[in-house]
Amino acid sequence: MLRLIVRREFVTRVRSRLFLIATGLLLVLVAGYIAVQALVFNRAVTTVTVGFTGQAQALAQPLKASTAGLDVRVETRTVPDLQAGENEVRSGSLDVLVSGDPVEPTVVVKDQLNPTVAAALTGLVRQGALNRAVSARGVDPAAIEAQVAAAKIDLTALSPTAAQRTQRTVAGVVVAILLYVALLVYGQLVAQGVVEEKANRIVEILLSTVRPRQLLLGKVIGIGLVGVLQLVLVGGVALVVAARTHVVSVPTIGVTAVVGGLVWFVLGFVLYALVYAAGAALVSRQEDVAAVTMPITMLIVGSYLALFWVLASPDNPVAVALTMLPPLAPVLMPARMASGDAQAWQVLLAVVLTVSTIAGLNALAARIYANSVLRIGARVRLREAWRGRQA
Amino acid sequence: MTVGGLELTGITKRYGDLTAVRDLTLQVQQGELFGFVGSNGAGKTTTMRIVLGVLTPDEGQVRWRGAPMTFETRRRTGYMPEERGLYPKMRVAEQLTYLAQLHGMSAADAARSVSGWLERFGLADRAADQLLNLSHGNQQRVQLTAAVVFDPLLLVLDEPFAGLDPEAVDVMSDVLRERADTGLPVIFSSHQLDLVERLCDRVGIIQRGHLIACGTVDELRAGGPRRLWVEAPAGWPDGLPGVRLVRADGPRALLELDPSTDDQVVLRAALAVGPVREFRRDRPSLLELFREAVSGPGLDASA
Numbered sequence: 101m102l103r104l105i106v107r108r109e110f111v112t113r114v115r116s117r118l119f120l121i122a123t124g125l126l127l128v129l130v131a132g133y134i135a136v137q138a139l140v141f142n143r144a145v146t147t148v149t150v151g152f153t154g155q156a157q158a159l160a161q162p163l164k165a166s167t168a169g170l171d172v173r174v175e176t177r178t179v180p181d182l183q184a185g186e187n188e189v190r191s192g193s194l195d196v197l198v199s200g201d202p203v204e205p206t207v208v209v210k211d212q213l214n215p216t217v218a219a220a221l222t223g224l225v226r227q228g229a230l231n232r233a234v235s236a237r238g239v240d241p242a243a244i245e246a247q248v249a250a251a252k253i254d255l256t257a258l259s260p261t262a263a264q265r266t267q268r269t270v271a272g273v274v275v276a277i278l279l280y281v282a283l284l285v286y287g288q289l290v291a292q293g294v295v296e297e298k299a300n301r302i303v304e305i306l307l308s309t310v311r312p313r314q315l316l317l318g319k320v321i322g323i324g325l326v327g328v329l330q331l332v333l334v335g336g337v338a339l340v341v342a343a344r345t346h347v348v349s350v351p352t353i354g355v356t357a358v359v360g361g362l363v364w365f366v367l368g369f370v371l372y373a374l375v376y377a378a379g380a381a382l383v384s385r386q387e388d389v390a391a392v393t394m395p396i397t398m399l400i401v402g403s404y405l406a407l408f409w410v411l412a413s414p415d416n417p418v419a420v421a422l423t424m425l426p427p428l429a430p431v432l433m434p435a436r437m438a439s440g441d442a443q444a445w446q447v448l449l450a451v452v453l454t455v456s457t458i459a460g461l462n463a464l465a466a467r468i469y470a471n472s473v474l475r476i477g478a479r480v481r482l483r484e485a486w487r488g489r490q491a
Numbered sequence: 014m015t016v017g018g019l020e021l022t023g024i025t026k027r028y029g030d031l032t033a034v035r036d037l038t039l040q041v042q043q044g045e046l047f048g049f050v051g052s053n054g055a056g057k058t059t060t061m062r063i064v065l066g067v068l069t070p071d072e073g074q075v076r077w078r079g080a081p082m083t084f085e086t087r088r089r090t091g092y093m094p095e096e097r098g099l100y101p102k103m104r105v106a107e108q109l110t111y112l113a114q115l116h117g118m119s120a121a122d123a124a125r126s127v128s129g130w131l132e133r134f135g136l137a138d139r140a141a142d143q144l145l146n147l148s149h150g151n152q153q154r155v156q157l158t159a160a161v162v163f164d165p166l167l168l169v170l171d172e173p174f175a176g177l178d179p180e181a182v183d184v185m186s187d188v189l190r191e192r193a194d195t196g197l198p199v200i201f202s203s204h205q206l207d208l209v210e211r212l213c214d215r216v217g218i219i220q221r222g223h224l225i226a227c228g229t230v231d232e233l234r235a236g237g238p239r240r241l242w243v244e245a246p247a248g249w250p251d252g253l254p255g256v257r258l259v260r261a262d263g264p265r266a267l268l269e270l271d272p273s274t275d276d277q278v279v280l281r282a283a284l285a286v287g288p289v290r291e292f293r294r295d296r297p298s299l300l301e302l303f304r305e306a307v308s309g310p311g312l313d314a315s316a
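Just so you know, the protein sequences line up as chains A and B, in that order. Numbering follows our numbering, in which position 387 of the first sequence is assigned residue number 487; successive positions increment by one, without gaps. Numbering follows our numbering, in which position 116 of the second sequence is assigned residue number 129; successive positions increment by one, without gaps.
In short, the hints are calculated from the structure, not lab data. Source: prediction; values computed, not measured. Among these hints, one or two may not hold up.
[To be verified] Stretch-level coverage of chain B by chain A, calculated; a stretch enters the list once three of its residues show a Cβ under 8 Å from a Cβ in chain A:
1) 100–107
2) 114–124
3) 220–234
Ideal placement from N, C-alpha and C gives every residue a C-beta, glycine not left out.
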């Protein structure tokens, strides 16, 4: 029974053109946003294509390895001979051509050599020369190399996460904005769904065979699943794009943001959907939905307005308290989780508070819904809806 | 009285100070087509919603086959609300299948039943269309299908004939008659009294929440005063004991007889004056019965 209702709510919405267009648009927006971020982040990174020919090919792998993590991306490939390589450098399809003895290679460029590549090549060549000189004196170069490799600096970072801070804050803002929009949109969908059934009287047919609580629950779950599907798609694409463009240096930032966002969407959606449904049950026309759900919408907008202040003052006790408060937690907590400010006990407390609020609202909303959804006509007063009597 | 069908006993429903239905008792037998007539706001819809369990009565009980009506029986009740309602943007067949399943049918049975009914109404080719793209008449057919598609045990239809074209009225009448003939109690309300008179086995007249008359149309007629239409030379009935002139229509007069008055005495009195062209028992239409019933007790109540 419940399954039937959930399926109808889910299928009719997922199949609608609106959902397909909105999801597509959202995917493009999020992927585009990350790609733009990646461009800004990676502007300093240039790609240098290096061609190797003859013995010099032995330098290809070491060059790649020694430039990994630097501000250039080296792409290497083999060129058949010197002449062909030079032609390619001239035409621009190769930036650098390396040929000859790996210890004393000839390097050809069009005008100038990228300094990072120059330094890396010089380092390799010097190492080769060192190896050769060392072996000429009867010493095993591998032993020397091991000793050299063992030498390292002792690094102390005074503020280790400072570099990640920006990425984390951006992730927090993105998640919070997505959740804010999703809660508003899906809350409204629930409200419209309730009024749709009430306005066209099908609710009378439905309630002769289904109990009001089931109808309400089926609607909330069905529409919620649509939201989860959409956010999973968006979150998944965001993670893939972020990984591909290296915009987030630590992958856990993205994963925390997406998983935290999903969990809080579910909690926040159920919380708000119940109130939206109860509110919408009071009116009989779609035109009245906005007015009756205004206070709920204001709460969600309020959490959005609080977002930037909360993220800017992570240690302020008022900000911490607001983050855990049920009406605001669904937007603020995932943002603070993504930004890395939320501590485990805070997350846990916020979840417990929200779940208990949902439990209380469930009974309240079901009662108001059951008492109002058949009363077609003027807006039902909240007190009447609670008592179930018409004045 | 057999306890085969639907029974309402002492149903009362109040909305604050307003009593929508007051101590209403009636039975609808299996296979019986019961017409519910009354002015707007008389309590028909409230009564039907109570039967459906969509409203709970303040007093009284709805019984089915001798036992209080359960949720399971209500699930097998076909209902057509007064202002029709289906999902406008849902496809016809999908919508009907969904409703049939909600009423307890398996997916396969539901699909079979839906296609059977759509076939019958000539809507098979519209099965995949959204409801709002159908004409008004076809939407009504779909609405009727929604009430009968799951093989209900009982049919309750609020104003099923409202807004139907003559052809659709025929279809609706046929389906209601046919469902009743398969043994279902069928209860419906209507303002089209000629239709109710023609179609229904029994009729209930409801006024301000009271069931003021209930029975076959003939029984309702029998309950009223005896009246005669007589066409005879003018002036003849004056002074006849136990006879009252209701109205004159040209040479014809409508007379109301006291219960003790013998109509043969009246006939002889008329013949004594001159030739009698017409002499017949007045058979009031349901409309006339309704008007009388509605005005009578209402006046009593206010006196």
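Hint check:
| no. | hint | result |
| --- | --- | --- |
| 1 | 100–107 | holds (count 4) |
| 2 | 114–124 | holds (count 4) |
| 3 | 220–234 | violated (count 0) |
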